[in-house]
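2 protein chains.
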Amino acid sequence: MGDTTAELVASALAGDRRSIAKVLSLVEQGGEGARTAISMLHPRSGNAWSVGITGAPGAGKSTLTDQLVLRMRATGGEVGVLAVDPTSPFSGGAILGDRVRMQSHTSDPGVFIRSMATRGHLGGLALATPQAVRVLDAVGKAWIVIETVGVGQVEVEIAGHADTTIVVVNPGWGDAVQAAKAGLLEIADIFVVNKADRPGADAAVADLQGMLELSARRAWTPPIVRTVATAGDGVDELFEAITQHRGHMESTGEAAARRAARLREELRALVAARVEQEVDARCSGAAFDALVAEVAARTRDPYTAADVLMAKKG
Amino acid sequence: MGDTTAELVASALAGDRRSIAKVLSLVEQGGEGARTAISMLHPRSGNAWSVGITGAPGAGKSTLTDQLVLRMRATGGEVGVLAVDPTSPFSGGAILGDRVRMQSHTSDPGVFIRSMATRGHLGGLALATPQAVRVLDAVGKAWIVIETVGVGQVEVEIAGHADTTIVVVNPGWGDAVQAAKAGLLEIADIFVVNKADRPGADAAVADLQGMLELSARRAWTPPIVRTVATAGDGVDELFEAITQHRGHMESTGEAAARRAARLREELRALVAARVEQEVDARCSGAAFDALVAEVAARTRDPYTAADVLMAKKG
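Chains as they are written, first to last, in my numbering: chain A, 1472 to 1785; chain B, 1472 to 1785.
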């Protein structure tokens, strides 16, 4: 307690789990503490490979994540998991209840699991997630898995902002058309048909193949991997697909290009958030009311009123 | 022509139709000409009563507008009509083709009809419409009818920003639930069941009454008027309902309060549009690329990059 942010970050960099958790809370809050923490951590980031996992609720994403973490750990590197839930107001440890299957890792100090939720401010998660990835990256995680609870717009955006993005579907989950509608075809680097022991798995694979053939040709064709995550079936193949995708991205320079594009978007989002705060600040309060009254009284026109609002210190 | 904006506005104020049309084009474009024109016209505005008409395509809005314009003209005042179509890229005279029924007014110098369309920039119409209303108001139109082609979000917003808002439905057009879904229940000051000679008119009226009874009690209960616009049936009753609503709004002070609320929204929208331009200006060009490169190279962190972008002149 009473730790300065700098001390906290130093302790997180030394591997202290509670400090890592506190630093993640700081960056989620996004205030002065976040600035200090990120200024210290950003220079040490850039070494982790991030894997996004998205798909409908109940598709088996948590179980797949659990299995993948085991494979990632087998490579010797440490793993960070961000479980992102824009529909929940609870962050930190609060929604770990449904992550009971992850308990197999709780005794492994090389795995750090974190739940992230909205805390009520719009776009907050989309801004906070890259910062949280940056923290886990800087403190030495070699792999970072970003798992979302569903396939809402925010979740697809968040999971899509990874080095490798995995889209999980189920037999009969819906057809490939549904995946295309949700914008999943564009972001998927790898498709997983999980619960592939169920009827309809062949049809799901065929649907996805058909959609992929119809879509624009890319340098990387997303493979379709069948898994039964609960039994661990197909998870080796999935990890192999991730490794191949990583190799492709790194050898072609695509990885760096994609990261630069993500940075551009992140900066735009940061600027847009600040500018939004400014609009709110400018268009409220007594000074705003007075301006509206002047325009209503015809002693001032709307454009010069807007000039005054833009000139005002936000 | 080489007219200065000031000359053009003076000529529009003198009643010259071509000048009014040119001034409307200026305010639609929203540049320096719009500023000059509005600064001259805003002090002279505030006398017109605006009537918004919205409803599904084919509900008979144009025919109703045509009939209402005749009633309004009978009061001696001049009338301006804005036909707003966010789905069309054509402004000015271009979409007047479907306004052939309005030709009965083309020989009447007391009626000015203007089509407005998007010109491709998002939110452009929502910003431009209040300015166009201001122009018609300032040049002396006593009544301004704002007719939208459909019930999209932008159209409902535009038609709802009038002194009196009329929502037009048809028998079997859908039920009142559909109207409620589209947000029409909140904005309607008057409901019109047009084509009331068709089967299902009673059911449509009953549906609307049911929905109104379920909704929050207001000082003004929207009347439901049956019309057959093509035959002119019920249009006197509709104009009477408008007059009663106007009387209610003016006597209770609601009219001024609603106009002040619209002004607040207009100012917010003007500031938001400028701020968006600022974000675009800040997050583009060589300086932005250089900053992204610095963040990617870890010589700068995202927050201080955002600081630089915010400090930059927009």
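Bear in mind the hints are in silico, worked out from the structure with no lab data behind them.
The beta-carbon is built from N, C-alpha and C at its ideal position, and this holds for glycine as well.
Don't take each hint at face value.
To spell it out: a stretch of chain B is covered by chain A in this simulated footprint if at least three of its residues, at any positions, have a beta carbon under 8 angstroms from a beta carbon of chain A; those stretches are [as the list claims (entries may be wrong)]: (1) 1673-1687; (2) 1701-1711; (3) 1728-1738.
Derived DEER-like restraints, expressed as beta-carbon distance ranges [to be verified]: (4) B:Arg-1745 / A:Asp-1760: 15 to 25 angstroms; (5) A:Gly-1517 / B:Asp-1751: 24 to 34 angstroms; (6) B:Ala-1731 / A:Gln-1624: 30 to 40 angstroms; (7) B:Gly-1502 / A:Gly-1623: 32 to 42 angstroms; (8) A:Gly-1681 / B:Asp-1673: 24 to 34 angstroms; (9) B:Glu-1736 / A:Asp-1707: 35 to 45 angstroms; (10) A:Arg-1730 / B:Arg-1730: 26 to 36 angstroms.
Verification of the supplied hints:
With 0 residues carrying a beta carbon less than 8 angstroms from a beta carbon of chain A, the region 1673-1687 of chain B misses the three-residue requirement, and the given coverage is violated. Judged by the Cβ-Cβ criterion of 8 angstroms, the region 1701-1711 of chain B is not covered by chain A as claimed, because only 0 of its residues qualify and three are needed. For the region 1728-1738 of chain B, the stated coverage by chain A is satisfied: 6 residues place a CB nearer than 8 angstroms to a CB of that chain, which reaches the threshold of 3. Here the CB-CB span from Arg-1745 (chain B) to Asp-1760 (chain A) is close to 20 angstroms, well matched to the stated 15 to 25 angstroms.
Evaluation of the 24 to 34 angstroms hint for Gly-1517 (chain A) and Asp-1751 (chain B) yields a pass: the beta carbon distance comes to about 28 angstroms. Roughly 35 angstroms separates the CB atoms of Ala-1731 (chain B) and Gln-1624 (chain A), a value that falls within the hinted 30 to 40 angstroms. For Gly-1502 (chain B) paired with Gly-1623 (chain A), a C-beta distance near 39 angstroms keeps the hint of 32 to 42 angstroms intact. For the pair Gly-1681 (chain A) and Asp-1673 (chain B), the beta carbons lie near 50 angstroms from each other, so the given range of 24 to 34 angstroms is not met.
Here the CB-CB span from Glu-1736 (chain B) to Asp-1707 (chain A) is close to 58 angstroms, at odds with the stated 35 to 45 angstroms. Range check, Arg-1730 (chain A) to Arg-1730 (chain B): Cβ separation about 51 angstroms, and the 26 to 36 angstroms hint is violated.
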